[in-house]
Structure formats: structure tokens, C-alpha cells
Amino acid sequence: MKKIAVLFSVFMLILSACAPKFEQEEEIVQQTDNKQQKAIIPKYNISDSYYRTILPFKPGEARGLVVENLNTRLDVDEFESGLMRLAQERFSPNDYVFQEGQYLNKKTIESWLKRKLTKEQLKAQKMDESENVGLNPIMSDEGTNEEKNKKSPIYLAHIMEHDYLVKNNDEKVQLGGVVIGLAMNSVHYYQTEEGYPREVEIEDKVIEREGKRIAAEVLSRLRKIKELREVPITIALFKQQPATSIIPGHFFAVTHVDKGSSSIDDWEDVNEQYYLFPSDEAEKNHREDMMKFNNFKSDIDEFFPNYTGVIGKAFYRDDQLQQLTINIPMQFYGKAEVIGFTQYVTGLVMEHFPDYINVNVYISSVSGPESLIIRKANEEQPFVHIYQ
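Numbered per mature numbering (1 follows the signal peptide of the UniProt record, and there is no 0), the sequence shown spans residues -19 to -1, 1 to 369.
Just so you know, these hints were derived from the structure itself, not from any lab. Please note that a few of the clues may not be correct.
As the list claims (entries may be wrong) - In silico SDA-like cross-links for lysine to any residue, where the CA-CA straight-line distance does not exceed 20 Å:
no.	residue 1	residue 2
1	K205	E91
2	K273	F285
3	K240	Q83
4	K186	D247
5	K88	D109
6	K107	D122
7	K97	M120
8	K129	V181
9	K207	K240
10	K148	E81
11	K193	S243
12	K294	E61
13	K207	T89
14	K132	S167
15	K193	D247
16	K87	N117
17	K88	L200
18	K88	E198
19	K273	I338
20	K294	S62
21	K205	N86
22	K294	L329
23	K357	F334
24	K97	R190
25	K294	Y337
26	K95	G45
Using the sequences and the hints, build the whole thing.
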């Protein structure tokens, strides 16, 4: 009982230390083209890694479309959060506030995601050349459906726009920059004439080539939008995983275009990657980290017979482990067992994993979430929560 009381005291101390100190919001004037309207910037920011969002919240013009176009929820989350992470290289969260994309609406993005059409196809569909804006390759009329899809797969899966606002000299907030994410397919899915599902794997070098080609055209089109002619634009390329993957895709290239420029001078490689623990790929490329994870897993195996499996998702940047997310499904027979197991796992986290990485552990049962352990990098005490 004494141990539980101490644990609760530590838990409350962590909560009080992390509790936000809310200040009065900042009222500003938002400048949009020739219009002005009152807006609010929240004073408190929950983390230096997050942007504050201008209020009232304006939904993006293509809101919800990303969920329809990407293969998994993992890809959806990483595509959006990773795009914000890359944006910080140019648009500091200290100076800029976030707003969902306001210039590319759903109709525009849907039309850009289509295939380019031949003159004959345009005529057959009674379309004008001005409507022929698809960024994916023309589907040839020659050959079988399988041959045509292998020759001309769908490369571009989705386009996402994020806007970043900044104060000007008149203390008014206006558009300071735009970040565009291009989600590229690693696998093209299609059906045969008989309706059977088929797929074509796309090589990395082809994904990169087509992504950069599409980015140049997207930039050209963005500069034709009046409000985007003079703002800095960042474009990032994302490789989404196959539909069966249990880890998300990753960004692999980014370019920063100065205000007013309509050309891309160079690209920067983005060295980010997710690995599944345990897996042959992780064993091959990050053996030492895999050994730490396996030792952690073995200690759980030894003392808890109700254990059913431990799965880890490791995020690497520049080949260095940044974050490890662990999911542990268990069969529990009471709250005391949940508390005991959570305390044991918390000790294992502190023992097995170096303090320079973020570790998140989610413990669950058939009833749902049971407990949560969060050990942030370079922090002595983890955050532990047991669901009631």
C-alpha cells in the first residue's frame, strides 16, 4: 500500500510539473487578401514541437480527403505530423502559427490526382483541354489491362497543403508560407478485366523521379494562385507503405522554394525510416537496438504467463533511434494485476532503453486500454497512467 501511495505522489508531482500555465489569449487581426477579421492566437503551446493554431479554426478546403486516398491510418497520421515536423526547418513554431490549407480545395486536388488524358479520351468524355490537369500518367489504350497498369501505374496518391501565418510590421497576421506534401505510392493496386485484384510494386528510384517531376508542376500551378505568388513554398515527398503494412511510410526528400520563385533548384534528402520490432529488417539494419528490445521482451516472457506479444514501432532519423512505441496486449484478471504489471514494465523501460530516446508503452487487454507509460528523452521520471 505504501508503494502505491508513493507511486501516486510521484504521478501527481509529474502532473503538477507539466500542468500548463495558461495566459490570456492574444487577439490579432488576420489579413486575408484585402479582407481583415479578428482572430485569436492561444498563448499556451503544449510543446515546442507543435504549432499554435489560429482561432476561429478554419477547416481545410480539402478536409478529410487524405483519409480516402492513403492506404492506412498509420500513413495518414505520419503524412500529416511528419509534414509539420519538416515545416519547422523553415517556419519556426516560435514565429508562425498553423492553419489548415485554404487554397487547394477538394475539387482541385481530386482533379490533380487523376490521370492525364489523351485527346481521344478527352473527346470521348466530352472534356475541354483546360480540364486535363491530372498529374498521374496517361493510361494507354494498347495491351491488356495488366500490361497497361504495369506500364503506367498511379504514382501520386494525395496532395496536402498546410499554411503558416506570421505577424507583419503592422502587428497583423498574414500568410507567411505554404508547405505541400506529395504522398507517393510504393504499390499500385488495380483489377484485371475479370475483377481480380492485382498490384504493381514501384521502385524507389521511380518514386523519386516521378515525385520530383510532379513537384515541379505543382509549384508552377501554385504560383498561378494570386495569394501564393510571392510566399515561400516548401514541398516534401512522402512514400506511403503497402495497404498491408503495420508501420507507416516516411518522407524522403524536401525542397524549399523562395518567395516569387517558380523553379526548384535543389532537393534535400530526408533520412527518416520506421522499423517493426522484431523483424528481419530491423535485425539487419539496427541490431543493437533490436537486442535491447528482445531483452526487454524476454524479461516480460519470463515473469508473466498471460503475456501474448510485444510489438515495437521504431522511428529513426539520420539512422539514430528517436522514438520507440511499444504495444503490449495482455490477459488480466484484476486491477491489482494491471498495477503490478505496469510497475514492472516501467522498471524494464528505465533499465533497457537509453535515456536519449522517447519511449511510449501502451498496455491493453480485450477490454481496451489498461495503462500507459511515457518516458520522454532525458527525463528521469516517466509518466505513468492506469485507466480506471
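Okay, the hints, checked on the actual structure:
no., hint, in the structure
1, K205 with E91, "18 Å, holds"
2, K273 with F285, "19 Å, holds"
3, K240 with Q83, "18 Å, holds"
4, K186 with D247, "17 Å, holds"
5, K88 with D109, "16 Å, holds"
6, K107 with D122, "18 Å, holds"
7, K97 with M120, "8 Å, holds"
8, K129 with V181, "11 Å, holds"
9, K207 with K240, "13 Å, holds"
10, K148 with E81, "17 Å, holds"
11, K193 with S243, "14 Å, holds"
12, K294 with E61, "18 Å, holds"
13, K207 with T89, "15 Å, holds"
14, K132 with S167, "15 Å, holds"
15, K193 with D247, "10 Å, holds"
16, K87 with N117, "17 Å, holds"
17, K88 with L200, "18 Å, holds"
18, K88 with E198, "18 Å, holds"
19, K273 with I338, "13 Å, holds"
20, K294 with S62, "16 Å, holds"
21, K205 with N86, "15 Å, holds"
22, K294 with L329, "17 Å, holds"
23, K357 with F334, "11 Å, holds"
24, K97 with R190, "17 Å, holds"
25, K294 with Y337, "17 Å, holds"
26, K95 with G45, "18 Å, holds"
In summary, the structure agrees with every hint in the numbered list given earlier.
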